[in-house]
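Taken in sequence, the protein lines are chains U and E. At the far end of the first sequence sits residue 662, using this note's numbering, and the numbering has no gaps. At the far end of the second sequence sits residue 662, using this note's numbering, and the numbering has no gaps.
Treat the hints loosely; a few may be bogus.
What the hints assert, rightly or not - Only pairs whose alpha carbons sit at most 16 Å apart, straight line, appear in this in silico EDC-like list of lysine to aspartate or glutamate:
no.: 1; chain 1: E; residue 1: Lys660; chain 2: U; residue 2: Asp653
no.: 2; chain 1: U; residue 1: Lys258; chain 2: U; residue 2: Asp7
no.: 3; chain 1: U; residue 1: Lys95; chain 2: U; residue 2: Glu112
no.: 4; chain 1: E; residue 1: Lys166; chain 2: U; residue 2: Asp177
no.: 5; chain 1: E; residue 1: Lys162; chain 2: U; residue 2: Asp177
no.: 6; chain 1: E; residue 1: Lys660; chain 2: U; residue 2: Glu657
no.: 7; chain 1: E; residue 1: Lys431; chain 2: E; residue 2: Asp380
no.: 8; chain 1: U; residue 1: Lys207; chain 2: E; residue 2: Asp69
no.: 9; chain 1: U; residue 1: Lys75; chain 2: U; residue 2: Asp7
no.: 10; chain 1: U; residue 1: Lys537; chain 2: E; residue 2: Glu10
no.: 11; chain 1: U; residue 1: Lys641; chain 2: E; residue 2: Glu10
no.: 12; chain 1: E; residue 1: Lys537; chain 2: U; residue 2: Glu10
no.: 13; chain 1: E; residue 1: Lys641; chain 2: U; residue 2: Glu585
no.: 14; chain 1: E; residue 1: Lys179; chain 2: U; residue 2: Asp177
Unchecked claim - DEER-style ranges, computed between Cβ atoms:
no.: 15; chain 1: E; residue 1: Gly119; chain 2: U; residue 2: Cys173; range: 35 to 43 Å
no.: 16; chain 1: E; residue 1: Pro4; chain 2: U; residue 2: Val481; range: 53 to 61 Å
no.: 17; chain 1: U; residue 1: Ile586; chain 2: E; residue 2: Leu217; range: 30 to 38 Å
no.: 18; chain 1: U; residue 1: Gln633; chain 2: E; residue 2: Ala634; range: 52 to 60 Å
no.: 19; chain 1: E; residue 1: Asp649; chain 2: U; residue 2: Glu142; range: 29 to 37 Å
no.: 20; chain 1: E; residue 1: Glu334; chain 2: U; residue 2: Lys621; range: 49 to 57 Å
no.: 21; chain 1: U; residue 1: Tyr384; chain 2: E; residue 2: Pro80; range: 29 to 37 Å
no.: 22; chain 1: U; residue 1: His15; chain 2: E; residue 2: Lys179; range: 23 to 31 Å
no.: 23; chain 1: E; residue 1: Gln383; chain 2: U; residue 2: Pro130; range: 43 to 51 Å
no.: 24; chain 1: E; residue 1: Glu334; chain 2: U; residue 2: Thr118; range: 29 to 37 Å
Claimed, not checked - Calculated Cβ distances over 10 Å to all of chain U for the following chain E residues:
no.: 25; residue: Lys95
no.: 26; residue: Glu116
no.: 27; residue: Val409
no.: 28; residue: Leu488
no.: 29; residue: Leu581
no.: 30; residue: His591
No lab work stands behind these hints, which were simulated from the structure alone. Idealized CB from N, CA, C, for every residue including glycine.
There are 2 protein chains.
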Amino acid sequence: IYRPREDGLEPHHGHRPPLTHEIAQLSATLEGQSVSLGGWIFSQRRASASLHFFTLRDTSASVQLVCKDSEISQKLMDFPLESVVSIQGIVRARKQKAKAGPSSATLSTADEVEVEVTGCILLNAADPLPFYASRQEMASEEIRAEHRYLDLRRSELAANLKLRSKVAHIIRCHLHDQKFDEVETPVLLNSSPEGAREFVVPTRTLKPSQIPNDTSLQPTFYALQQSPQQPKQLLIASGATSRYFQIARCFRDEDGRKDRQPEFTQVDLEMGFVEGTGEQGESWECSEFRTLLIRERLGNELDTWSMGGQQVKQVVEGLIRKIWKEIKGIELGEFRCMPYQVAMDVYGSDKPDTRFEMFTLPLGYYPDLSDADLDKVLLDQSQYTVEWMITRSEHAKYLNMDDLRNDHVQAIHIREDNVKSWHTESPFTQKLGLTMTGDGAVTGGGVQPGDIIWLAQRKKVAEGGWTQLGRLRVQMLDELVRQGALKLSDQPNFLWITQFPLFTRADEDKAFLSKGRWASTHHPFTAPMFEDLEDLKGGNVEKVRGQHYDLVLDGQEIGGGSVRIHDANLQEYVMRDVLKLEQDEIARFSHLLQALRFGAPPHGGMALGLDRLVAILCGAKSIREVIAFPKTQAGSDPVFKSPSVVAADVLRDYGLESRKRS
Amino acid sequence: IYRPREDGLEPHHGHRPPLTHEIAQLSATLEGQSVSLGGWIFSQRRASASLHFFTLRDTSASVQLVCKDSEISQKLMDFPLESVVSIQGIVRARKQKAKAGPSSATLSTADEVEVEVTGCILLNAADPLPFYASRQEMASEEIRAEHRYLDLRRSELAANLKLRSKVAHIIRCHLHDQKFDEVETPVLLNSSPEGAREFVVPTRTLKPSQIPNDTSLQPTFYALQQSPQQPKQLLIASGATSRYFQIARCFRDEDGRKDRQPEFTQVDLEMGFVEGTGEQGESWECSEFRTLLIRERLGNELDTWSMGGQQVKQVVEGLIRKIWKEIKGIELGEFRCMPYQVAMDVYGSDKPDTRFEMFTLPLGYYPDLSDADLDKVLLDQSQYTVEWMITRSEHAKYLNMDDLRNDHVQAIHIREDNVKSWHTESPFTQKLGLTMTGDGAVTGGGVQPGDIIWLAQRKKVAEGGWTQLGRLRVQMLDELVRQGALKLSDQPNFLWITQFPLFTRADEDKAFLSKGRWASTHHPFTAPMFEDLEDLKGGNVEKVRGQHYDLVLDGQEIGGGSVRIHDANLQEYVMRDVLKLEQDEIARFSHLLQALRFGAPPHGGMALGLDRLVAILCGAKSIREVIAFPKTQAGSDPVFKSPSVVAADVLRDYGLESRKRS
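Input sequences plus hints: build the corresponding full structure.
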């Protein structure tokens with residue numbers, strides 16, 4: 001039996017006057033005109049028995065309603081806040097611009113006009129809300145997450161979603177203009193035997209058990225794509241397009257990493273016939289690093305893209321330029337390039353924040369070293385060296401040393417009496433027996449009393465994403481910015497990191513897969529640098545750099561890509577002889593190897609993280625602020641209440657059951 | 001150890017001349033100019049020792065290469081077909097346009113010019129292919145599916161993907177112009193307890209068992225979205241946008257239905273503040289159907305959209321018009337509207353192909369009935385009636401009656417002697433004791449010798465998607481078109497079907513969910529027609545029509561949508577009292593009910609199937625032809641070889657195991 005509402009506030013059904021305007025369309029030129037608006041009651045105020053003021057908010061803006069009709073006023077006062085109404089009224093120009101109303105910063109107010117109400121219809125009465133968008137500071141994060149559809153009433157969040165929509169459209173328009181085709185590739189892909197980081201999807205398709213004489217059936221699974229990497233390579237190999245892109249949803253079971261989501265969005269692109277070398281076939285040798293300290297050299301000579309894939313670089317730079325121009329009104333300058341080893345030597349990170357010059361350098365670059373000291377450092381046979389970093393006195397005073405110090409890092413306070421002897425205070429440097437008779441005249445080097453010098457051990461040939469001081473540097477910059485001691489440039493600092501080592505043993509994430517073998521730093525399809533091809537073929541694996549490039553913005557990686565191996569023979573060699581994959585592991589790439597064998601052009605591409613990119617453009621602290629219905633750190637969905645248990649008979653259809661209770 | 005190729009056809013690495021043109025850019029204005037091209041060797045021909053011809057194909061077009069240098073010719077002859085090469089040469093205008101080359105119809109040829117080869121570089125040699133795109137008729141469907149990346153070399157398929165990209169972009173541009181925001185909603189949603197038709201995704205998040213005193217943990221799951229229905233309603237309820245759209249990947253475990261895919265793409269949109277009634281609040285009553293036979297009335301008076309949601313109708317029509325204009329160059333006329341009951345009475349289908357006038361009508365519309373006959377038919381108390389359909393003699397002769405006849409359908413051949421007595425030959429009509437003294441003067445009615453009259457029983461009030469004769473009609477039209485006896489209009493026939501019954505007991509797909517209860521014809525969020533609101537509240541469930549609309553094109557449903565219930569009280573009444581959902585079933589919609597309670601505006605929307613739409617635009621027989629890497633009917637992926645078995649320890653992480661062998 002249908003039970004009407006007890007409060008009598010039945011929503012209107014049936015015919016009603018069509019809306020004539022969104023609030024943002026109201027202006028003084030409509031003075032005297034009748035309008036019909038729809039929106040939410042945002043505030044209610046009685047000025048006198050014959051004069052009431054209301055604020056009406058729609059998705060575009062808010063406007064003041066003036067009501068002199070006591071009957072209508074009474075109705076509007078009786079409707080709970082956040083109720084949805086249809087308002088009929090007459091536009092009146094305001095003599096003075098309205099003051100900023102109760103709405104928050106990003107929602108504009110139609111401040112030239114107000115609307116004199118002549119009629120109102122209750123479209124949907126609101127129950128008391130758990131929190132109100134105008135006073136969101138009162139609600140806990142949990143309450144807001146559970147009622148995300150109410151939190152989205154906050155104009156900041158709504159504006160983020162609109163900006164995201166706009167950015168995605170700019171990207172698509174730009175890439176279509178550049179003759180790219182957007183092609184959808186499967187989300188339901190094949191699972192890998194290890195199931196690493198991927199989500200699997202059980203199917204009702206059962207396969208015969210692989211156990212001899214066992215006629216039972218085994219469950220089978222799709223896996224959700226982690227990225228469209230293989231499909232896009234096959235697509236380029238097919239020749240159906242030579243310029244593919246896709247804004248693709250990807251899925252990774254990340255175990256609650258900071259500010260990651262189990263589903264995320266990637267701007268994915270791939271191009272056929274990309275170059276396989278730098279324009280002059282040149283690349284930059286690591287042994288020439290000595291003069292790195294001189295900032296001019298860092299800025300000029302090193303800014304060469306010494307790899308293939310220039311076409312991808314140009315497309316991505318064009319795309320990023322377009323976005324910053326249209327969204328921020330900023331014309332971006334040149335994008336710098338920096339080889340991985342330089343980034344690790346100078347900033348201790350493969351995604352350096354280059355907005356501030358505080359360097360993490362191997363000891364060989366210390367400007368006060370004498371020639372004899374330098375020889376000692378350079379001739380030291382250990383695979384380790386010491387990295388050092390100076391915090392200048394003007395910043396040192398802001399630091400809480402207890403927060404920064406850790407087991408791997410030493411801090412030496414520089415006083416008048418240890419400017420040239422600080423190295424005797426650290427076990428890292430003591431053992432080298434340095435004398436420090438250099439004159440410290442090199443730009444930017446040397447320490448002064450009041451400074452802090454930080455020291456840590458690192459491998460001479462950098463590996464992984466951070467050095468000890470690299471991490472410390474970021475932590476320190478965050479702290480200095482937070483305290484107002486440092487202001488970083490507003491101008492975005494885009495930077496390409498190139499010439500990564502092609503293989504690594506240093507990636508803990510991959511260790512369980514590689515079982516102590518070499519692992520691909522990025523993925524097994526990355527092409528070696530042309531200059532290192534013979535090293536690769538000769539088995540000098542540790543020397544081989546890949547044609548991989550990361551795009552870094554102000555210390556955040558916003559994308560990465562590479563030139564791919566298009567030579568089936570070389571690809572198989574990498575899998576079999578370098579990565580030591582088993583035959584059945586290689587067999588899982590058979591479609592790719594075949595596609596390379598049947599006439600695949602040279603190709604390369606890139607993927608940009610859209611969530612991160614939009615978060616940066618919005619100035620949002622977390623990617624959750626640019627996603628309509630994000631999941632928590634733990635991967636649960638507070639609105640839709642996933643994940644949840646399913647019935648046993650559903651599992652049975654998939655050939656599955658819960659593990660037996662022990 | 002690296003093993004070079006035995007045939008010596010090593011792919012080139014290192015520097016090479018950059019490409020200057022795509023083949024499609026070549027024209028006679030480039031006469032004499034040096035160009036560098038990249039592509040596949042499509043054909044090889046020796047004219048004489050000093051003259052060889054080749055065809056080079058890239059993703060844009062193909063061109064003839066002329067080679068007078070015997071050394072280069074020899075190399076090019078030695079490269080296997082479909083090898084990838086870089087060609088340097090000089091553009092030469094052709095005196096005569098080239099004849100159509102070996103490439104297929106949709107790949108254009110640069111026929112004004114040829115290129116005189118001055119150099120070539122082997123970028124990637126091709127092994128012998130399992131099949132060649134130019135001779136695809138020789139390969140079986142299975143071989144082509146397994147090597148989809150080679151099948152995509154067929155220019156028809158490549159053109160389909162490019163068209164799809166273009167259509168998606170037209171859609172986005174149009175909707176952005178109309179102030180829509182594209183918002184991404186979760187693919188990983190919550191599973192429903194029944195798990196109907198959805199794919200579930202196990203997580204490593206385990207929940208305590210719900211069995212008392214049992215401390216073991218139960219596996220938990222996301223489900224892949226079947227559509228963004230609930231997220232988009234929450235989004236509109238939030239007011240973050242009043243015009244949402246998304247081109248969204250959706251997932252449904254369809255058990256291998258004809259031409260469906262487990263993942264498919266939907267153009268999904270939703271609008272706030274849509275109307276809830278027709279403009280005059282009028283709707284069309286089923287009891288006035290008597291004169292339907294008269295085509296003019298079908299064409300005019302019935303073409304009214306008597307429901308809410310006009311804003312959605314306008315947006316979708318604008319979108320479809322735009323697509324047909326830009327892709328086909330066709331300006332579409334008005335879109336017709338037809339109530340569900342009319343479609344079922346006249347065409348026996350809720351997605352009628354209106355390009356041909358062959359009607360499936362209830363017996364009450366038979367033009368030769370006398371008034372007395374009509375009374376008998378109309379006063380018959382049974383809930384069943386008889387439907388009839390005429391195949392005219394010019395078509396009847398093409399039909400193979402054995403293919404068409406079935407247990408539920410009778411066919412009577414009309415001869416001179418049974419024109420007015422055919423009804424005595426069918427048990428369906430015999431029992432009514434008709435006399436047939438009418439004069440058959442009504443337009444389009446009556447039978448002639450040589451015709452076939454088809455008869456079947458149906459419910460008086462139509463339910464479900466087809467009547468017996470409706471199915472037969474489609475089968476017959478297909479057959480007549482196949483035999484060339486009938487040519488259907490080239491002009492696309494768009495048709496809105498409206499006023500569906502809101503609830504049904506006739507949907508077998510849903511029967512296992514509804515357990516004999518009323519089920520929603522579409523989904524439980526569809527609003528009733530305003531005119532039927534009191535019937536709904538009063539419990540006259542079978543009389544209630546929904547504000548649902550399907551868009552049908554030439555007999556195929558290309559989309560559907562509705563005005564939604566925005567009144568929480570009514571929504572809960574529908575779930576609890578009409579659909580008889582249990583309390584815990586209703587609880588799974590609590591986020592939606594809450595969102596409606598906290599000030600949701602009236603809203604409505606629509607979803608269009610992009611795969612189908614593009615397939616129609618391409619003239620493709622199957623949606624597989626417009627998907628880069630489709631799955632088979634059985635849901636397996638012939639390229640990536642999914643689904644497959646995963647290791648037991650992966651399952652263990654999810655708290656799962658294979659069902660024990662019995």
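Verification of the supplied hints:
no.	hint	verdict
1	Lys660(E) - Asp653(U)	13 Å, holds
2	Lys258(U) - Asp7(U)	46 Å, violated
3	Lys95(U) - Glu112(U)	8 Å, holds
4	Lys166(E) - Asp177(U)	11 Å, holds
5	Lys162(E) - Asp177(U)	14 Å, holds
6	Lys660(E) - Glu657(U)	8 Å, holds
7	Lys431(E) - Asp380(E)	11 Å, holds
8	Lys207(U) - Asp69(E)	57 Å, violated
9	Lys75(U) - Asp7(U)	13 Å, holds
10	Lys537(U) - Glu10(E)	14 Å, holds
11	Lys641(U) - Glu10(E)	56 Å, violated
12	Lys537(E) - Glu10(U)	14 Å, holds
13	Lys641(E) - Glu585(U)	14 Å, holds
14	Lys179(E) - Asp177(U)	21 Å, violated
15	Gly119(E) - Cys173(U): 35 to 43 Å	38 Å, holds
16	Pro4(E) - Val481(U): 53 to 61 Å	55 Å, holds
17	Ile586(U) - Leu217(E): 30 to 38 Å	37 Å, holds
18	Gln633(U) - Ala634(E): 52 to 60 Å	39 Å, violated
19	Asp649(E) - Glu142(U): 29 to 37 Å	34 Å, holds
20	Glu334(E) - Lys621(U): 49 to 57 Å	51 Å, holds
21	Tyr384(U) - Pro80(E): 29 to 37 Å	52 Å, violated
22	His15(U) - Lys179(E): 23 to 31 Å	25 Å, holds
23	Gln383(E) - Pro130(U): 43 to 51 Å	50 Å, holds
24	Glu334(E) - Thr118(U): 29 to 37 Å	36 Å, holds
25	Lys95	30 Å, holds
26	Glu116	21 Å, holds
27	Val409	34 Å, holds
28	Leu488	30 Å, holds
29	Leu581	16 Å, holds
30	His591	5 Å, violated
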